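Student: Now for the letters of each chain:
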Amino acid sequence: MTAPETIAERMAKDVIEQPVRHEVTRDLWTDDFNVNIGPQHPSTHGVLRLVVTLDGEVVKKVQPYCGYLHRSIEKISENRTLLQLVCFSDRVDYVAAMNANLAVCLAGEKIAGIEVPERGQYIRVIMAELNRIASHLLWFGDFGLNLGAGTPFFYAFREREQVINLFEEVCGNRLTYNYIRPGGVAFDLPEKWVERCQSFLDYFLTKLPEYHRLVTNNPIFQVRTRGIGVVTREEALNWGLSGPSLRGSGVDFDVRRDDPYEVYANLKFRVPLGTRGDTFERYLCRMMEMESSVDIIRQCLEKLPGAQGGHAKKVSMLARIPANREVLVRTEAPRGEMSVYMCSGTGGPKPWRVKYRTASFANLAALDQLSRGYKIADLMAIFGSLDVVIPEIDR
Amino acid sequence: MDIAALLASEWAQLALYAVAGFVLLNVMLGIVTFLVLMERKVSGWMQVRLGPMEIGPWGILVTVADAIKLMTKQDVVPRHVDRFVFRLAPALIALPPLIAVSLVPFGKNLIFADTSVALLLVLALTSLTSMAILMAGWGSNNKYSLLGGVRSAAQDLSYEVALIFAALGPVMLAGSLSLQDIVKAQGGVWFVFLQPLGFILFLIAGIAELNRTPFDIPEAESEIVAGYHTEYSGMRFALFFMAEYANMFLVSCIVATLFLGGWQGPVLPGVLWFVLKVFAVIFVIMWVRWTFPRFRVDQLMTFGWKVLVPLGLLNILLTGGVMLLV
Amino acid sequence: MAEIMPIIAELEKRFAVTHIPLGGVPSAPPGQPAGQPAPPAQPAPQAFSVTEPIVKVDPKKILAVCSFLAASGFDYLLTVTAADFPQRIEVLYFLCSMSGRLRLELKCELPRDKPEIDSVSGVWKAALYPEREVYDLFGVRFRNHPDLRRIFLEDEFEGYPLRKDYTSDFLVKMPEVGFR
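Residue numbers (my numbering), protein chains in the order written: chain H, 1 to 395; chain U, 1 to 326; chain P, 1 to 180.
Looking at chain H on its own, in the form it has when it is part of the complex (with noise of 0.2 Å):
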């Protein structure tokens, strides 16, 4: 099947095909209905349109159209150099920004043979492990609105705030952090940083139980998640799911582990896999990567080697790439997996080419056969636990 060549058959090929009778009896019959969600949702999963066929409450095929966040952030970044850039990564993900800042700052580096000094790298995984926290908050209490549930979400945020402020003491941002540069982190950590990080840490585990008592152990939210939205491994990999999506259908990888960059070959920590591949391995899975992020942190805060390293490495604002270079660097971002491809053409302070592959976009790529057969209402609850974001999409 060749593309359409005019854009009347691109049209046609694109409307939505004609509804499907069921017979009942020769005079009693059903049709299935084509219901679109979105763009403008409550469930705050930002501006993504569903349209959704429906066959009663059954849902027979789910057909996403995004687009409507896209920036052309790639476009741009063929024309800024390596520092401007940054702050373009911070818009592909701003759930998790420190996360996609370290992956666009990994491949400059890595393309133009940059070194970070160990001290930059520590803070570089502190920050991205905190926000790794934040981001699983932020999910979990939106994944409760998905599901009906209304109070999660503030308890989530609650802690969610306290992250909030220790990134806002680091670089003077909340949501988009700007902080890790090409050659280590803008600026060294404040005064009783690291005190009050541990304070954090002590009391975030200390509620992680009270998510479990409120919703996990909830039957009504386990009737609601166990079985629902089932993807077995081979599925898995075929669809490039990634992150937690992946382990809960027990694929055990994780880039931090298996193809370590930054300081994590030197940290020990767990990854948590589940086995069914339903929405409530996926959904444990993340409540779990808190557990380890918070181990994580707390190992490099012991680990932090002292300020005499210097927190990063001069980088010239017009460092240049050498010619002919590619890199691909990836990371685990709280999505998935995040990685940058950089390649250099010519060579000069400008990359010739960036192209982010966000995790969300391959989740979302797996979310109509996800869905078929289930309700409508699991519809909401497995694309809650895909933990997808928008602005990862269209980017």
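It should be emphasised that the hints constitute simulated quantities derived from the structure, not laboratory data. Wrong hints could be hidden among the right ones.
Here are a few chain H residues that face chain P, going by a calculated C-beta distance under 7 Å [what the hints assert, rightly or not]:
no. : residue
1   : Lys75
2   : Lys110
3   : Leu237
4   : Trp239
5   : Gly240
6   : Asp258
7   : Leu328
8   : Cys343
9   : Thr346
10  : Arg353
11  : Ala365
12  : Arg372
Computed from a predicted structure; not experimentally measured. All C-beta atoms, glycine included, are put in the ideal place defined by N, C-alpha and C.
Assemble the complex: chain H is given as a structure, and chains U and P must be docked to it using the hints.
Tutor: Just chains U and P now, with coordinates in the frame of chain H:
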């Protein structure tokens, strides 16, 4: 002019009833106003925040602001709706709780209409609500509203059965359908201790009748925008809103009457006890709303038919058996 | 790294691919020891990757190569993307194997005036959306793709923005970066 004869005449009686009815109506509206505020404050406190604080001291006047806002909105009737049904639905949904409250005994002598079939009347009036929701869903000529209305009809029907079975326990114990008689029969022991299963069943089925979380499928926000009241705005929406809280008050009154002893209680006057009990039940209902996620439709129906109805039957059997033996 | 060499050797044997090893420096052709001045007609230096071996594949053989690789343990397709160069559009496939932790990059060079290539979405469903994105932004047609249409831009959009020669009134000229 014979004053006594005038007062005893039919006109005076009618006028008295009219005044009393007017007072009751206003009290109900006042209570509904207070409940809206209570919901927002209670939900706020449970969610680690303060709730409305700006309007009036401690946010007391927020419902007044809400009411003014809704009353001054443009009355939008979409073009392709079924006009008669669309307009009738909000009126029909607001009336039953206001009528049914007149049957509830607030105190020893404080009851508007003491009929011998009060409970039956109340349950019949609550069924009208489901009809009104179906009318709203159909009349709006909108896919989402239809989904919401149909879901609600199915849900209300299922839980109505469980509700009635649970309510039969106190009726058997008191030997009468009159609410005043049921309260008087709880002079010794409140029925909640004699009918623990019945109490829980009635509370759950009552929450389901109210279309509140965890049973708020008909208005599931995150799925189908706003369900059966998607197309309503302004005063019509205000009527739906009001009806929900009036219904909540009514169901709590019935729970308090059937199981918690109504106005019975030592020391304090009956009305005060009644108010305390009703608001305790309302608090529990609000607490449940903000704690649980919502059921999926088929799980809700399974729960209603396969769990609550058999338990209701079991409750009746047990009650009858114990009554025979004791 | 060692585990991947047999697979690359097999690929070279079966499909006549070119291998650019990780870190680059392609071996000098025989009879031309390293260190000697290069002959005048040397082609432009190849781009190499700092993180994984690149295998250049003939676009006509991409489906066969991908099926072979999927069967040899590369069960995960990271993404499909493209880069626009003056004479060609390069379509890149990033593969990895979950069990062996192997990584590989496939590169296909397509002519700019008629960029067409077979779709690999039959092998890895992970290619469905990225190929649509490449079609949307670069104009590369993927044959046998089940649903090839624009993904981010509206269907009536004219032009392929990520190409280097794309101009429009919306494109703002960015001032050159420098010190003032």
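Student: Taking the hints in turn, state whether each one holds.
Tutor: Here's how the hints hold up against the structure:
{"no.": "1", "hint": "Lys75", "result": "6 Å, holds"}
{"no.": "2", "hint": "Lys110", "result": "5 Å, holds"}
{"no.": "3", "hint": "Leu237", "result": "5 Å, holds"}
{"no.": "4", "hint": "Trp239", "result": "5 Å, holds"}
{"no.": "5", "hint": "Gly240", "result": "3 Å, holds"}
{"no.": "6", "hint": "Asp258", "result": "6 Å, holds"}
{"no.": "7", "hint": "Leu328", "result": "5 Å, holds"}
{"no.": "8", "hint": "Cys343", "result": "6 Å, holds"}
{"no.": "9", "hint": "Thr346", "result": "9 Å, violated"}
{"no.": "10", "hint": "Arg353", "result": "4 Å, holds"}
{"no.": "11", "hint": "Ala365", "result": "4 Å, holds"}
{"no.": "12", "hint": "Arg372", "result": "14 Å, violated"}
When each numbered hint is compared with the structure, violations occur for hints 9 and 12.
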